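Engineer: Please model the complete structure; the sequences and the hints are all you need to start from.
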Amino acid sequence: MKHILLLAPLMALGCGTASTEQQQAAPAADTVVAAPDTALILPGEKHFKSLKQLTFGGDNAEAYWSFANDRLVFQVTNKAWGDSCDQIRWFNPFTDDLKAGAPTKVSVNGGRTTCSYFLPGDSLVLFASTHEGGAACPPVPERQPGGAYVWPLYDSFDIYVSDLQGRIRRKLTNTPGYDAEGTVSPKGDRIVFTSMRDGDLDLYTMAIDGSDVKRVTTELGYDGGAFFSPDGSKLLWRASRPKTPEAAKEYKDLLERGLVQPTNMELFVANADGSEAKQITSLGKANWAPYWHPSGERIIFASNHLSERGFPFSLYMINVDGSGLERLTTSDTFDAFPVFTKDGKHLVFSSNRNNGGTHDTNLFLAEWQE
9 MKHILLLAPL
19 MALGCGTAST
29 EQQQAAPAAD
39 TVVAAPDTAL
49 ILPGEKHFKS
59 LKQLTFGGDN
69 AEAYWSFAND
79 RLVFQVTNKA
89 WGDSCDQIRW
99 FNPFTDDLKA
109 GAPTKVSVNG
119 GRTTCSYFLP
129 GDSLVLFAST
139 HEGGAACPPV
149 PERQPGGAYV
159 WPLYDSFDIY
169 VSDLQGRIRR
179 KLTNTPGYDA
189 EGTVSPKGDR
199 IVFTSMRDGD
209 LDLYTMAIDG
219 SDVKRVTTEL
229 GYDGGAFFSP
239 DGSKLLWRAS
249 RPKTPEAAKE
259 YKDLLERGLV
269 QPTNMELFVA
279 NADGSEAKQI
289 TSLGKANWAP
299 YWHPSGERII
309 FASNHLSERG
319 FPFSLYMINV
329 DGSGLERLTT
339 SDTFDAFPVF
349 TKDGKHLVFS
359 SNRNNGGTHD
369 TNLFLAEWQE
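Under this note's numbering, think of the first position of the sequence shown as 9, with each following residue one higher.
In case anyone wonders, no lab produced these hints; they're calculated from the structure. Remember, predicted model here, so these are calculated numbers, not experimental data. Note that beta-carbon positions come from the ideal geometry of N, C-alpha and C, so glycine has one too. Some clues are possibly wrong.
[To be verified] Cross-link-like lysine-lysine pairs, in silico, DSS-like; alpha carbons within 27 angstroms at most:
id: 1; residue 1: Lys179; residue 2: Lys195
id: 2; residue 1: Lys251; residue 2: Lys286
id: 3; residue 1: Lys286; residue 2: Lys257
id: 4; residue 1: Lys113; residue 2: Lys350
id: 5; residue 1: Lys293; residue 2: Lys257
id: 6; residue 1: Lys286; residue 2: Lys242
id: 7; residue 1: Lys222; residue 2: Lys260
id: 8; residue 1: Lys353; residue 2: Lys195
id: 9; residue 1: Lys222; residue 2: Lys242
id: 10; residue 1: Lys222; residue 2: Lys286
id: 11; residue 1: Lys222; residue 2: Lys195
id: 12; residue 1: Lys57; residue 2: Lys353
id: 13; residue 1: Lys350; residue 2: Lys242
id: 14; residue 1: Lys60; residue 2: Lys107
id: 15; residue 1: Lys113; residue 2: Lys179
id: 16; residue 1: Lys222; residue 2: Lys179
id: 17; residue 1: Lys87; residue 2: Lys60
id: 18; residue 1: Lys107; residue 2: Lys87
id: 19; residue 1: Lys60; residue 2: Lys353
id: 20; residue 1: Lys286; residue 2: Lys260
id: 21; residue 1: Lys54; residue 2: Lys353
id: 22; residue 1: Lys350; residue 2: Lys195
id: 23; residue 1: Lys353; residue 2: Lys242
id: 24; residue 1: Lys54; residue 2: Lys293
id: 25; residue 1: Lys251; residue 2: Lys293
id: 26; residue 1: Lys350; residue 2: Lys60
id: 27; residue 1: Lys113; residue 2: Lys87
id: 28; residue 1: Lys107; residue 2: Lys57
id: 29; residue 1: Lys195; residue 2: Lys286
id: 30; residue 1: Lys350; residue 2: Lys57
[Claimed, not checked] Quick list of simulated restraints, FRET-style, between CB atoms:
id: 31; residue 1: Thr366; residue 2: Arg335; range: 23 to 33 angstroms
id: 32; residue 1: Ala47; residue 2: Asn279; range: 37 to 47 angstroms
id: 33; residue 1: Asp281; residue 2: Ser58; range: 37 to 47 angstroms
id: 34; residue 1: Lys260; residue 2: Thr366; range: 33 to 43 angstroms
id: 35; residue 1: Gly218; residue 2: Thr46; range: 36 to 46 angstroms
id: 36; residue 1: Asp105; residue 2: Gly352; range: 19 to 29 angstroms
id: 37; residue 1: Gly52; residue 2: Gly352; range: 16 to 26 angstroms
id: 38; residue 1: Thr103; residue 2: Lys195; range: 23 to 33 angstroms
id: 39; residue 1: Thr46; residue 2: Lys107; range: 17 to 27 angstroms
id: 40; residue 1: Arg265; residue 2: Lys57; range: 44 to 54 angstroms
Structural biologist: This is the structure in structure tokens:
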């Protein structure tokens, strides 16, 4: 996975993400030139009617829509904005010009943050943070022997609710170990998240106030990056499933050290209580960052299953039964973290395209056409 870090340092662990190396300073303003709304669309990207670049430097990812579809909350590492490790910010992608100034910061208490999501009413967001474990950014783990790429599972990650000015309103999790990757049901009644509380990386749901916690998955492996279906009845996520005793031992050994290796993941769907779980991809390599199409019948996700060296990552669409795989993007670097508006008219995602030869990962807004 070395080339993933060189081409597209993914954001801090959570909601289908990987940890990033320290971000270099943002390039000069003239390094990246804003392009017309169709100039950034590559041959074969037929579902993009228009494509607009939203950010212009740093590592920007995991942008999620407000319930009203008029704001995005996302995580970013950008020293030009004072963010030396992943932090949470929000903006209006239809009216705000981020070349003119930084968007509003929510994670004002320090530490590393990840996986932000709007709550019903759009005046509050949830996100995971390590700030109670210290205001400094926690260290990024070194590669394993042989160059294996790993994600850190900071045990100081807990899930908090904040207003849009950064005032923490409540803490939703308070168990030892990793709690992160929270997202909210479109019904507004429950949150799904990943936790180490029972010794493995499993999915749990809880009421919107943090009560009534229920375990969803029990199989050995990393279950994370989960999202409720548009009607709230199902869950979609990505998971690793060690298949041999040797793979299981390696997974457990890394877990004891607070690490996980994200090189082999597939997509799963289940009822919201975890029943009738089904694996819907068997592509090999890393299939992750899934999200529901508003119809509830298709899934968009990122995958490197066609690559020989760990990259590129492209966006794909697949039917919920695992049929009809379609490649959506054709960049030779990195496209991931796709998220539809609830009406299906727009898609936001992260990409290395048009980054002026830097390692920057920026947000892009596509006008979607079927």
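Engineer: Now, for every hint given, state plainly whether the structure supports it.
Structural biologist: Hints, verified against the model:
1. Lys179 with Lys195: 21 angstroms, holds
2. Lys251 with Lys286: 16 angstroms, holds
3. Lys286 with Lys257: 24 angstroms, holds
4. Lys113 with Lys350: 24 angstroms, holds
5. Lys293 with Lys257: 19 angstroms, holds
6. Lys286 with Lys242: 11 angstroms, holds
7. Lys222 with Lys260: 23 angstroms, holds
8. Lys353 with Lys195: 20 angstroms, holds
9. Lys222 with Lys242: Judged against 27 angstroms, a Cα distance of about 15 angstroms means the pair holds.
10. Lys222 with Lys286: 19 angstroms, holds
11. Lys222 with Lys195: 17 angstroms, holds
12. Lys57 with Lys353: 10 angstroms, holds
13. Lys350 with Lys242: OK: Lys350 and Lys242 at ~16 angstroms, within 27 angstroms.
14. Lys60 with Lys107: Between Lys60 and Lys107 the Cα gap is close to 13 angstroms, so the pair holds against 27 angstroms.
15. Lys113 with Lys179: Satisfied, since the Cα-Cα distance of roughly 19 angstroms is no more than 27 angstroms.
16. Lys222 with Lys179: Distance ~17 angstroms between Lys222 and Lys179 Cα, so the pair holds.
17. Lys87 with Lys60: Satisfied, since the Cα-Cα distance of roughly 23 angstroms is no more than 27 angstroms.
18. Lys107 with Lys87: Holds. Lys107 to Lys87 sits at ~14 angstroms (cutoff 27 angstroms).
19. Lys60 with Lys353: 14 angstroms, holds
20. Lys286 with Lys260: 23 angstroms, holds
21. Lys54 with Lys353: 14 angstroms, holds
22. Lys350 with Lys195: 12 angstroms, holds
23. Lys353 with Lys242: Distance ~22 angstroms between Lys353 and Lys242 Cα, so the pair holds.
24. Lys54 with Lys293: Since the Cα atoms of Lys54 and Lys293 sit roughly 26 angstroms apart, the hinted pair holds (cutoff 27 angstroms).
25. Lys251 with Lys293: Between Lys251 and Lys293 the Cα gap is close to 14 angstroms, so the pair holds against 27 angstroms.
26. Lys350 with Lys60: 19 angstroms, holds
27. Lys113 with Lys87: Measuring from Cα to Cα gives roughly 13 angstroms; hence the hint holds.
28. Lys107 with Lys57: Satisfied, since the Cα-Cα distance of roughly 23 angstroms is no more than 27 angstroms.
29. Lys195 with Lys286: The hint holds at about 23 angstroms.
30. Lys350 with Lys57: At roughly 18 angstroms apart (the allowed maximum being 27 angstroms), Lys57 and Lys350 satisfy the hint.
31. Thr366 with Arg335: 23 to 33 angstroms: Because 26 angstroms falls inside the window, the suggested range holds.
32. Ala47 with Asn279: 37 to 47 angstroms: 43 angstroms, holds
33. Asp281 with Ser58: 37 to 47 angstroms: Taking Cβ atoms as reference, Asp281 and Ser58 lie about 40 angstroms apart, which means the hint holds.
34. Lys260 with Thr366: 33 to 43 angstroms: Given about 38 angstroms between the Cβ atoms, the range holds.
35. Gly218 with Thr46: 36 to 46 angstroms: About 45 angstroms separates the Cβ atoms of Gly218 and Thr46, which means 36 to 46 angstroms holds.
36. Asp105 with Gly352: 19 to 29 angstroms: Taking Cβ atoms as reference, Asp105 and Gly352 lie about 26 angstroms apart, which means the hint holds.
37. Gly52 with Gly352: 16 to 26 angstroms: Given about 21 angstroms between the Cβ atoms, the range holds.
38. Thr103 with Lys195: 23 to 33 angstroms: 28 angstroms Cβ-Cβ, so the 23 to 33 angstroms window holds.
39. Thr46 with Lys107: 17 to 27 angstroms: 20 angstroms, holds
40. Arg265 with Lys57: 44 to 54 angstroms: 47 angstroms, holds
In the structure shown, no violation is registered for any of the earlier numbered hints.
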